[in-house]
Amino acid sequence: MTHPVDQVPPTRHLLTFGLQHVLAMYAGAVAVPLIVGGAMKLSPADLAYLVTADLLVCGIATLIQCVGVWRFGIRLPIVQGCTFAAVSPMVLIGTTGGGLPAIYGAVIVAGLAMMLLAPLFGRLLRFFPPLVTGTVILIIGVSLLPVAGDWVAGGAGAEDFGEPRNVGLAALVLLVVLAVQRFAPAFLSRIAVLVGIVVGMLVAIPAGFTDFGGVGDADWVGVSTPFHFGAPEFHGAAIVSMLVVALVSMVETTGDFIAVGEITDRPVSPRALGDGLRADGFSTLLGGVFNTFPYTAFAQNVGLVGMTRVRSRWVVAAAGGILVLLGLLPKLGAVVAAIPAPVLGGAGLVMFGTVAASGLRTLAEVDFRGGHNLTVVAVSVAVGVLPVGVPEVYAGFPDWFRTVMDSGISAGCVTAIALNVLFNRLPGRAGAAGSAGVTVEPVGLPGGRVEHAVEQPGKQGV
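Counting from 1, one number per residue, gives the positions in the sequence shown under this note's numbering.
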């Protein structure tokens, strides 16, 4: 039988589920170009150009990941978008180190480096047993919750941030999503997020939450051309900082790939991981050519896959097609951009919470009786959540250190891998990991999964 990941739903379902994925990731997709362009004080026309270019490459990158072309693409339901890990370095490069041409030069080099490093990362899959993957997925979900919180309150920087009406609208959307998922027929329950957003919009428009003035100002057709802002420039410091971002992005993307593999019951193999990361690098290279930024897998859509249980990669490929249209038709993009932040916040609470819950489900496979695995999870989650709760905790550290540790996902992932090696892979005292004369050692299984061999006097087993 065809695996659910490879099944092609009817056209109406493809478009509906695909649109749901687009609405779930749109705010995050356009945030990076808006932040970088705003910091560089670009004109409104240039900002609009950055957004449409980003949406176009988002769509192309998503299609490559889902459909696959030769050894490019993991062929799982993965949505691609600009990584937030690159924001701070790009703002620094853009404002002090050569402007957009220097950013794009560094992005092109980073994309090439990611493509070359992809096979190496594929071989590292054995360092991601359920203990590490469950911890990383949990950290991904927890790290995203503050983003949903900002949306619930009205959006970061909003004049009415925290007003009761914003929270009330988000709560309404959340209740609609839960009600549809619990009581509606099967098809509607799978588009509960889309239904919640539509109901939220129907309430938001007469209540004055949104303004469609930008739709009239947007062009009908807009095509991003290569090197629109000038030929790329290659500055050493800019390239080094972007290479660090590339490594961080590959670690985060690996966590997202493994999470989707767990959710869809198609475990990620070393070869598939390498193919997915190679596509990530190609998309980043494409971003440098077509006036946008480094790309990574979007965790919010991982949560949507888990919540809706729609595992078909062709649904997300349809989302990629819609993103391409939004990138070519700025007026359509302006309509989607008019969705108020509280509407997205109500849906985001469910999706991001689902990511965290998926991590807990993976951790349920882990043996915590010896105490060491509990320590791995506890310390990794603490390190991962620290920059989320206290964003300036590493303010006095060098830029390269902050690039890695300011991302709770990468900080928690590196910590989980290191602690798992320390406690479960290095030789230790006999009986230290187990209890009452039981020694627990890791045993590699196909697909990069690790269980534990339990040695008892006169008895062996897995």
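Simulated from the structure, these hints should not be mistaken for laboratory data.
Computed from a predicted model, the values in this text were never measured in an experiment.
Check before you lean on any hint, since a few could be wrong.
Here are the simulated distance ranges between beta carbons [said to hold, decoys possible]: (1) P427 x A171: 51 to 57 angstroms; (2) R361 x G230: 47 to 53 angstroms; (3) A418 x R182: 37 to 43 angstroms; (4) P146 x S269: 50 to 56 angstroms; (5) R361 x I35: 29 to 35 angstroms; (6) R71 x L175: 44 to 50 angstroms; (7) A156 x L178: 22 to 28 angstroms; (8) D211 x T96: 30 to 36 angstroms; (9) V379 x G162: 57 to 63 angstroms.
Glycine included, every Cβ here is placed at the ideal spot set by N, Cα and C.
The hints, checked one at a time:
1. P427 x A171: 51 to 57 angstroms: 53 angstroms, holds
2. R361 x G230: 47 to 53 angstroms: Since R361 and G230 have Cβ atoms about 48 angstroms apart, the given range 47 to 53 angstroms holds.
3. A418 x R182: 37 to 43 angstroms: 41 angstroms, holds
4. P146 x S269: 50 to 56 angstroms: 33 angstroms, violated
5. R361 x I35: 29 to 35 angstroms: 33 angstroms, holds
6. R71 x L175: 44 to 50 angstroms: 45 angstroms, holds
7. A156 x L178: 22 to 28 angstroms: Taking Cβ atoms as reference, A156 and L178 lie about 25 angstroms apart, which means the hint holds.
8. D211 x T96: 30 to 36 angstroms: 34 angstroms, holds
9. V379 x G162: 57 to 63 angstroms: With Cβ atoms ~33 angstroms apart, the hint is violated.
Checked against the numbered hints above, the structure breaks hints 4, 9 and satisfies the rest.
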